[in-house]
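Single-letter residue listing:
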Amino acid sequence: MTRVRALILAAVMSIAATPHFAEPPVVEADSRADVVRQFDQSSKVRVLNFWATWCMPCVAEMPILQKIHESYRERGVSLVALSMDDALPGSREEARRRVETFAASRSLSFPTPLYVGSVPDIESEFDLDGEIPVTIVFDENGRELSRIKGIIDATRFRAELDRFLTGDHRSAK
Amino acid sequence: MKIQTLALLALIAIAIPAFGGEELAIGADAPAFSLLNAADGKYVSFDPKKNKLSVVVFTCNECPYAKAFEPRIIELAKHYAPMGVTFYAVNPNDDAAYPAEAMDKMRARATSKGFPFPYLKDTDSAVASKYGARVTPHVFIVDSAGRVRYRGYVDDSAKVEERKHLGMSDALDAILAGGTVKRQSTKAFGCSIKWKRAS
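Going line by line, the protein sequences match chains Y and B.
In case it helps, our numbering puts the first sequence at residues 1 to 173.
In case it helps, our numbering puts the second sequence at residues 1001 to 1199.
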């Protein structure tokens, strides 16, 4: 019995010792549909961030996004950061490794798919104007709720997510 | 959050305020400018109506995406020079916040890469703002009437093997042939300009 207890205790401790947030594998996406598939489909609010490891403001923004993800993922917000690393010359494998290494070094626990399609195509799909980072918030039906160019202001962004989650943005209109 | 990250965030927040004007429209008058050429320390003036055809490309030292297009811009400048096309490379990044964009570093880059065009320092980012440039690289082609005939990317991909549309060269070919540019306006993609903070 003591042995069983010890085993259970060891198992519990091993679960507790496992990092709560694991980095998801970096998958490839080459269309809007691919990107949309990365969201938790049960989420009410979906946040899409465009970034790259070579973009300094994007890199600086990542810890903010990770904190947002940690605070809001249980509340129905799904965050995906689409990497534009493959836009640079070099192999796709190199780009993927860059993203994986970066995500691991920052313990990013939200999906960071690698965009492998044409840059102008994705810009048209999401009406981007060439600059990253850009963060777009959608509702569960894919309707755009807001768009932030440049680094997000964490406090303002949290307030915005709160409004979207409670539906206050609808009644305000 | 680490102190380093906080410092970087603060630096970036300072260096990237909401700045920059509307991208010049096709047909708009291109603003003239006079800027210091990092390559030789002399001023270069751009009078839009003086050249047969001009290319103003906003670029910089450090942006990986701009650097990826650098050989292509050099190649095109050499190719089109005999046809009367004059290239100007303009670096609008704030070198106080980003020392790697300073004049001495620009000079070193222009020399080591053999730039066949002046590499101009837009010290207060004012020229980039007037053109409505957003990123590096961002291209504007100006005809002999001083009007913008093309704006946007160099090519649609930095990967040679994935290029489907040649933005700058298709536009130059069309204008030089007296025709119309099929894609006059494309979306430049790259690193956001590191705007000089108003003092």
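These are calculated hints, taken from the structure and not from any lab test.
There may be inaccurate statements among the hints.
Chain Y is faced by these chain B residues, among others (derived, beta-carbon under 8 Å) [to be verified]:
hint : residue
1    : Glu1070
2    : Gly1114
3    : Pro1116
4    : Phe1117
5    : Gly1179
6    : Ser1185
Cross-link-like lysine-lysine pairs, in silico, DSSO-like; alpha carbons within 27 Å at most [as the list claims (entries may be wrong)]:
hint : chain 1 : residue 1 : chain 2 : residue 2
7    : B       : Lys1159   : Y       : Lys149
8    : B       : Lys1049   : B       : Lys1121
9    : Y       : Lys149    : B       : Lys1121
10   : B       : Lys1050   : B       : Lys1078
11   : B       : Lys1113   : Y       : Lys149
12   : B       : Lys1164   : B       : Lys1130
13   : B       : Lys1113   : B       : Lys1078
14   : B       : Lys1121   : B       : Lys1078
Computed footprint of chain Y on chain B; a stretch qualifies when at least three of its residues, placed anywhere within it, have a C-beta under 8 Å from a C-beta of chain Y [what the hints assert, rightly or not]:
hint : segment
15   : 1046–1060
16   : 1150–1160
17   : 1188–1197
This structure is a prediction, so every number in the text was calculated from the model and none was measured.
Using N, Cα and C, we set each Cβ at its ideal position, and we do this for glycine too.
TODO: Could you tell me which of the numbered hints above are not met by this structure, giving the numbers in increasing order?
DONE: Failing hints, ascending: 1, 2, 3, 4, 5, 6, 11, 12 and 15.
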